[in-house]
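J.: Here is how the chains run, residue by residue.
There are 2 protein chains.
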Amino acid sequence: MSHPHPELGPPPELSDGALRIVALGGLGEIGRNMAVFEYEHRLLIVDCGVLFPEPDQPGVDLILPDFEYIRDRLDDIEAVVLTHAHEDHIGAVPYLLRERRDIPIVGSRLTLALIEAKLTEHRIQPVKVEVVEGERRRFGPFETEFLAVNHSIPDALAVAIRTPAGIVLHTGDFRMDQLPSDGRLTDLGGFARLGAEGVDLLMSDSTNAEVPGFVTSEREIAPVIDEVIRTAEKRVIVASFASHIHRVQQVIDSAEKHGRKVALVGRSMIRNMGVARDLGYLRVSPGVIVDSKEIEGWPAEDVVLICTGSQGEPMAALSRMANRDHPIRVAEGDTVLLASSLVPGNETAVNKVINGLSRWGARVVHKGNAKVHVSGHAAAGELLYVLNLTRPSNFMPVHGEWRHLRAHAKLAALTGVPDDHIVIAEDGVVVDLVDGRARIVGAVPAGYVYVDGTSVGDVTDFALKDRRILGDEGFISIVVVVDTGTGKLTAGPEIHARGSGIDPDRLVEVLPQIERALQEHAADGVVDIQQIRRVVRRTVGRWVSDTYRRRPMIIPVVIEV
Amino acid sequence: MSHPHPELGPPPELSDGALRIVALGGLGEIGRNMAVFEYEHRLLIVDCGVLFPEPDQPGVDLILPDFEYIRDRLDDIEAVVLTHAHEDHIGAVPYLLRERRDIPIVGSRLTLALIEAKLTEHRIQPVKVEVVEGERRRFGPFETEFLAVNHSIPDALAVAIRTPAGIVLHTGDFRMDQLPSDGRLTDLGGFARLGAEGVDLLMSDSTNAEVPGFVTSEREIAPVIDEVIRTAEKRVIVASFASHIHRVQQVIDSAEKHGRKVALVGRSMIRNMGVARDLGYLRVSPGVIVDSKEIEGWPAEDVVLICTGSQGEPMAALSRMANRDHPIRVAEGDTVLLASSLVPGNETAVNKVINGLSRWGARVVHKGNAKVHVSGHAAAGELLYVLNLTRPSNFMPVHGEWRHLRAHAKLAALTGVPDDHIVIAEDGVVVDLVDGRARIVGAVPAGYVYVDGTSVGDVTDFALKDRRILGDEGFISIVVVVDTGTGKLTAGPEIHARGSGIDPDRLVEVLPQIERALQEHAADGVVDIQQIRRVVRRTVGRWVSDTYRRRPMIIPVVIEV
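Protein sequences, first through last, are from chains A and B.
With the working numbering applied, the first sequence covers 1 to 561.
With the working numbering applied, the second sequence covers 1001 to 1561.
Derived from the structure by calculation, the hints contain no laboratory data.
A hint or two may mislead.
Unchecked claim - Quick list of in silico lysine to aspartate or glutamate cross-link-like pairs, EDC-like style, CA-CA up to 16 Å:
#: 1; chain 1: A; residue 1: K352; chain 2: B; residue 2: E1054
#: 2; chain 1: B; residue 1: K1410; chain 2: A; residue 2: E332
#: 3; chain 1: B; residue 1: K1352; chain 2: A; residue 2: D56
#: 4; chain 1: A; residue 1: K352; chain 2: B; residue 2: E1347
Note that the structure is predicted; figures quoted are calculated from it, not measured.
Using the sequences and the hints given, assemble the complete structure.
T.: Printed below as a string of structure tokens:
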């Protein structure tokens, strides 16, 4: 198996007849999935998603793939194929289309409808190419074929990409639910047919590669949800992802069965379910869904609310209910159902929400105490089926952190893929498929691009480092006004501190030390602003470190008059 | 069941013959356990621990109970009973003893040895009172009796407190391992005897009240650990808590069996295992443990390292190994064993460590993929035994977040404790046991006291709010120098920003706006520093919000010359 090579240089020129694959996201992380395929100077992109920030990326709203690798080659892009409409696969599309508006966007009917609703908010009208499972479609030198896969959102697709370099099968996200409520099975027959034809490279979803066995059918959740709603004494509040149409369908069906009305809460929930209803993916009897404003005054036992916020997002309705900062006042007898996964990184936030709701007396049902969620990703036992059916010459695990990629690579090895035909790549690593072999040939930049407020890319890793220091330690700023002529102190030093936790009365203790240090400096007779800054920073830094064992950011400001 | 009353006022004077119980920590949180018992103006304290900070408490090292409630009454304290030597039960003792050095510290032999080793680092020599299970001891009006309990550290105790107000049984932390390796069982016979005598109030460990069933015996882990060490190709690195003597014993036994030497890494690991070895709690054959420096050059297959860092602490050896920032260079074939729980809140940090180690090719064994940890706290099925054996007149769940306290209260109700005899209290809530009934009678302050560097309590919630803003958004500071006589700008405005992610070239765009705003202000002819600050803050704030939709902290500094 190939290993990470921090010393990888830029890749060589792409040779004739070779297919190049560069993931700009999704390898070594779960999120911002984006794979760029290149053949004879033409590009095909599969997925273009966002990554959600971790605590060490404070204040960041979203993280995008770095488009630098393709920025000079936007006109070479034949199309962007979207395997399904989850944010980690489509969220960065608006940002890519800002760079070139008319890139054709390829996807299933629901995927296109959901991306279009999203793009409308960005005031972009996309060029759409609707495809359906079983269909073949050529984009420049790329002959694509789409296959149905089952996932936690309807209408997901895998894509096979044929070029003279060989057949690449990219599974997208999938699971293997054998009794799906909409009848849409992952097309193992199609995978087998491709396997018989010869898959030169399999790129397969690694999310659950560490999880042994098989994922339970979505169908088995329905009776659990139904029982929760049937036995609920008062209000029922269900939190789920705004894209999980099947789960929402289950809740609505059960609510109707038990004579409760349903209100949808949250902008993305209302938008997506509207789209799903219009296209027939969500079926609701007339009068069952009512406006959430209307429902506030209703008897609690007649109501089911379906909202976002299952990941503990602080501004979402559910968090605000937990803090009693919402018109819906959760109380003893209410039931809250977290019908979703717990995305790694959100544990603390979700725990806070559960505790807040428990404090007010609500019963909280979650995947830790009831079977109210199944994963959307195939587990190890199922991944083996795909490996055995496709019998790939080369294997590249995708969609996973290192632990998942390694685990998936091990599964591939167990099914007989030779170790030296398994490529574990990180974001930016360049893989060439040539003469039937996939090999790492170099690397390109694939860093994080941060979205904060309205700006994209202005917040850098350098700014985040500053934020981490400021957030952990606060800052002390010292202003001195010096006379340019004499180098003497005209006013100040004035000292300000925020977030440092240092008593202002003690803070002034350092002022005489600064004055003394500046006098010693001025004795040289030379006025050197940089030097004054250094003297101030060193004096204050040493004092804080000696007195408090702390390292706040120290900002000397020198003003000349 | 009693519910949280945010409107609780100060408690009334304690009536004669009544026992008062105030938890200054541990209720509504897992950590900083501390219960203050009061009878006839005398105080007995059970445990005095720390809480570890969450991400929204940035830069904080530790959180202590607020001693304000007892600060004027330090001389009334008869003793501090420590149930066992975990940090969340003993960590705040050094800070309490700073306020009064000669408070008697009561505990088992191991507990006292470990707190003494800790206090030595704080240069405090405690007054120790060693007790053993089965022993009765009087402290002022409090007749205490100690009972053995089994936990994830040896020599843990429950304590029964007798006063004329009745019998209170405080379980401390416990589990019910029926085949413990050291033969120390939780004393259910003693619990039953107290139950027969009449337990007026049971205060019992709620940590695992949500977890159905029973905790596996520690004994069942040994073969799993042994198999990991037996089959390891190269180096074995085990991360565990520095207090988990039984787990470390298992690793050492297995290492010796397979001909490997063991090195201990990390200050607290070395200190605690030294104490445990001296007292006979850890048994090691001569020559098995070697110095960690010595082991660096050894053949990887002859080595087991036991280190701290199982919670992903960034400065611990394990995190540094994952980042290749440690002399031990983890490589393909190495095995890392996380033989510990995953403390809620640490998921992201631990995930990062697992990914880092996986990246370098190590096999990472953890509780997610092997049975290498069992909890130290009794699960719901076991808690029912304690409730049924003690048949308490009143019940107060302790040691838990709201979700755990609620779940434990529900178990108590199922065993027949009447709802109105179950008291769910938060930190600071005052509970009086009088005439056989426990009731909430008021509340006292029980906020967080933050330790940061060498300072205790200087970092306030206000400073933390500043840190959160600074950490999320950075700051912009604007310095203006004004002539006190004329109110005119003498120098500046100078603008500095850190962590804001705003391009410095664009930042200067706001300068003319500030000057214009100040000119308009100066037209009044009045120099009002506060007013100038307001004008500057408003001008810059509006510009940033309009241009970037951001809210960095804005710091106007006005200097008069």
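J.: Confirm or reject each hint.
T.: Now for the hints, and whether the structure bears them out:
For the hint pairing K352(A) with E1054(B), the CA-to-CA distance comes to about 11 Å; that is within 16 Å, so the pair holds. Between K1410(B) and E332(A) the alpha-carbon distance is near 13 Å, which keeps this suggested pair within the 16 Å criterion. Of the pairs offered as hints, the one joining K1352(B) and D56(A) holds, with about 11 Å between alpha carbons and a cut-off of 16 Å not exceeded. Restraint check for K352(A) and E1347(B): the C-alpha separation of about 14 Å stays at or below 16 Å, so the hint holds.
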